[in-house]
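These protein sequence lines map, in sequence, to chains A and B.
If you count the first sequence from 1, position 46 lands on 46 in my numbering, and the numbers rise without skipping.
If you count the second sequence from 1, position 180 lands on 180 in my numbering, and the numbers rise without skipping.
FYI, nobody ran anything at the bench for these hints, they're computed from the structure.
Some clues are possibly wrong.
With the Cβ distance kept under 8 Å, some of the chain B side facing chain A (calculated, not the full set) [unchecked claim]:
hint : residue
1    : Asp37
2    : Arg41
3    : Asp42
4    : Ala44
5    : Asp45
6    : Ile48
7    : Val52
Listed next, the in silico PhoX-like pairs over lysine-lysine satisfying Cα-Cα at most 25 Å (straight line) [what the hints assert, rightly or not]:
hint : chain 1 : residue 1 : chain 2 : residue 2
8    : B       : Lys241    : B       : Lys191
9    : A       : Lys364    : A       : Lys333
10   : A       : Lys61     : B       : Lys40
11   : B       : Lys3      : B       : Lys243
12   : B       : Lys53     : A       : Lys71
13   : A       : Lys364    : A       : Lys429
14   : B       : Lys191    : A       : Lys61
15   : B       : Lys92     : B       : Lys3
16   : B       : Lys92     : A       : Lys71
17   : A       : Lys235    : A       : Lys298
18   : B       : Lys69     : B       : Lys40
19   : B       : Lys3      : B       : Lys69
Positions of the beta carbon are idealized from the N, C-alpha and C atoms, including for glycine.
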Amino acid sequence: MPLICGWGRHPTVSAEQSTFDSDEALRSILTTPRLIAGLIPRGLGRSYGDSSLSERVISTKRMNRLISFDKTTGVLVCEGGVSIAEVLDIFVPRAWFVPVTPGTKYVTIGGAIASDVHGKNHHRSGSFSNHVLWVDVALSDGSIVRCSQSENRDLFLATCAGYGLTGVILRAAVRLVSVESAFIRQRTIRAHNLEEAMTIFEENSSWTYSVAWIDTLSSGREAGRSVIMLGEHAKAEEVTRVRGTRAGKSSAHEPLVPRKSRRLSVPFDLPSFVLNSLVVSTFNYFYYHKSPRLAGEKLVSYEPFFYPLDGILNWNRIYGRRGFTQYQLVLPKESSKEGLKEVLRLTSGHGNSSFLAVLKLFGKEDSPYLSFAREGYTLSLDFPITKDLFQQLDELDAVVLAYGGRLYATKDCRMSAGMFRSGYPEVDKFIEVRERVDPDRRFASLQSRRLGL
Amino acid sequence: MDKTLLVLGATSDIARAVAHRYAGDGWNIILSGRNSDVLKRDAADMRIRYGVKVDDVHFDALDFASHYKFWSQFSEKPEGVLYAIGYLGDQKKSESDWNESRIVIETNYSAAVSILNIVAADFEKRGSGFMIGIGSVAGDRGRMSNYIYGSAKAGFAVYLSGLRNRLYKSSVQVLTVKPGFVATRMTEGMKLPARLTATPEQVAADIFRAQQSGRQVLYTRWFWRLIMLAIIHLPGRLFVKLKL
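Sequences are here, hints too, so could you generate the full structure?
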């Protein structure tokens with residue numbers, strides 16, 4: 001049986017995989033007389049840890065058809081296996097964009113709903129589920145139910161951010177947003193430390209998109225120095241105006257045609273010594289100083305703005321064969337300043353350098369029971385898997401809890417049930433729905449078992 | 001663009017990928033096969049993706065009597081026809097069960113002859129267009145692991161060769177496609193060497209390019225031509241000992 005893993009390449013598990021191409025085919029898989037327990041739906045496998053790992057995996061890759069699109073409302077109805085990448089390829093040229101996108105476009109619509117992904121625009125647009133009109137879910141007994149905010153609402157609130165545990169997402173209706181171009185007007189601002197970064201976020205909350213890259217290895221007065229990136233969908237005339245002045249560079253003044261990015265690939269695993277603190281801190285130094293000292297604005301194609309890493313295929317290989325885990329936390333606004341300072345203090349000390357650290361200010365909490373985002377600051381840290389890492393993360397857990405925060409299950413591979421429960425007050429509502437639609441826990445993942453769901 | 005491609009066996013992974021490739025180039029598509037539900041959903045998907053006309057029409061390869069009627073329903077004949085219907089079958093079963101052998105032979109060879117004879121007659125009269133037949137490298141030499149399938153594909157390749165010869169003066173292109181290992185539903189569960197296995201999308205891109213440039217025989221991916229050249233030339237006394 002093939003080995004599968006999440007994006008962090010840890011853990012790996014040997015799994016029996018099946019695919020299906022229709023409701024009937026799925027129904028017959030779900031209703032075979034032999035009790036199948038431990039089945040988990042899986043899209044493109046971009047969750048970092050074990051959210052889509054189990055002994056039996058049901059792949060949604062064949063359910064990738066578009067069903068209908070309404071040009072006046074922007075509502076796209078599609079099968080759960082359609083990826084955000086496909087939606088963008090097809091609809092950006094037609095002046096539509098996805099309402100919320102995570103840091104990679106290689107996630108399925110089903111996966112985006114199951115993780116209730118958030119994007120750089122959470123403070124304005126909320127999480128993905130806010131833009132989902134309805135979802136068709138195949139439950140463990142083979143029945144198919146449509147749920148939405150107004151119909152089977154508790155199933156909807158359990159399925160969004162439900163990590164595939166209520167059933168297989170067959171179809172969904174998503175409202176796209178209309179745009180005028182394939183470009184983003186991007187503004188970059190440097191912050192000398194964490195406090196300044198937080199102020200910049202708050203002063204620029206009218207920008208649709210905002211995110212910061214943070215240097216976790218800076219310390220002392222410079223602790224938390226960052227580069228904040230703000231973005232807005234560029235208007236058509238902004239694009240034609242700029243492109244028109246580049247003599248000879250681009251003859252087509254087409255705002256909806258993005259610039260095609262070259263694909264690099266990491267062809268093999270890098271040996272573990274490559275990403276040590278010296279290398280990382282050097283990189284961080286140059287990255288920080290490369291950004292303009294004074295705030296600067298420029299027009300970029302949507303791909304490098306939203307998906308800087310997608311341009312490097314298999315970038316997860318830079319962490320080598322041991323793999324890595326991402327630790328994404330969110331702290332309430334009131335305790336963020338102190339809490340983040342504490343987290344940064346702990347992570348800059350150890351040898352396990354976090355290479356990519358992202359900071360963002362979230363907006364109000366979303367309605368699904370296990371949705372991660374809540375009003376406050378979220379910080380994402382990558383850690384290569386090493387022997388003492390898990391102990392370090394347990395220490396971080398204690399800090400996150402002490403400041404009233406929680407962790408994102410989509411990134412996690414080691415959080416304890418207690419830690420999860422403490423962070424998600426509506427977990428019992430979720431379990432109630434699980435009890436109703438899947439009492440035998442036929443749908444289960446390595447993660448759901450660890451978290452006690 | 002007002003050209004249409006008729007895809008026979010449209011629910012197969014390679015056929016679907018080829019349909020997408022042509023639709024992406026602005027071609028109208030007719031998807032044919034037995035599973036109407038899947039065909040309808042594929043058609044709706046392609047219409048939205050590519051903005052081209054896509055029809056779904058029922059076609060049963062093994063119902064030979066229906067072939068003439070099937071072709072007649074098209075008042076405007078397509079520019080090109082792709083025969084992508086195949087059935088690997090179970091070699092062991094085929095060896096002892098004539099019915100299984102019969103289905104392998106009819107699906108991969110007889111049905112193709114039946115429908116393509118009909119298509120060829122019209123294309124010859126028209127004096128334009130193309131026909132693509134999906135064969136297999138398995139047809140290049142009979143090996144113990146799949147020779148009933150292989151022999152049917154071999155027959156199909158020779159049929160297409162003759163057809164190419166006949167239709168040359170009518171300016172109708174006949175392209176024989178010989179895929180090696182491809183990751184599809186047909187090979188799901190088989191342990192194929194990753195480096196030699198193509199995706200349906202890669203095969204579709206090869207087919208599109210080959211057809212557009214007027215090629216006669218395409219090995220996809222390209223290195224299979226070399227692999228099969230070697231296999232064909234292995235002396236019999238050595239070949240019989242192998243467990244290919």
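Going through the hints against the structure:
1. Asp37: Constraint on Asp37 (chain B) satisfied, holds at 6 Å.
2. Arg41: This interface hint holds because 5 Å falls under the 8 Å limit.
3. Asp42: 7 Å, holds
4. Ala44: 6 Å, holds
5. Asp45: The hint holds - Asp45 (chain B) has a Cβ within 8 Å of chain A, the shortest such distance being about 4 Å.
6. Ile48: It holds, given that the least Cβ distance between Ile48 (chain B) and chain A is near 4 Å, below 8 Å.
7. Val52: 13 Å, violated
8. B:Lys241 <-> B:Lys191: 22 Å, holds
9. A:Lys364 <-> A:Lys333: Holds. Lys364 (chain A) to Lys333 (chain A) sits at ~11 Å (cutoff 25 Å).
10. A:Lys61 <-> B:Lys40: Holds: Lys61 (chain A) and Lys40 (chain B) sit about 18 Å apart, inside 25 Å.
11. B:Lys3 <-> B:Lys243: Given pair Lys3 (chain B), Lys243 (chain B) is violated - Cα atoms ~46 Å apart, limit 25 Å.
12. B:Lys53 <-> A:Lys71: Distance of about 18 Å is within 25 Å: holds.
13. A:Lys364 <-> A:Lys429: Between Lys364 (chain A) and Lys429 (chain A) the Cα gap is close to 20 Å, so the pair holds against 25 Å.
14. B:Lys191 <-> A:Lys61: Within the cut-off at roughly 20 Å; holds.
15. B:Lys92 <-> B:Lys3: 43 Å, violated
16. B:Lys92 <-> A:Lys71: At roughly 53 Å apart (the allowed maximum being 25 Å), Lys71 (chain A) and Lys92 (chain B) break the hint.
17. A:Lys235 <-> A:Lys298: The hint holds at about 13 Å.
18. B:Lys69 <-> B:Lys40: 21 Å, holds
19. B:Lys3 <-> B:Lys69: 22 Å, holds
Going down the numbered hints, you'll see the structure goes against 7, 11, 15 and 16, while the others check out.
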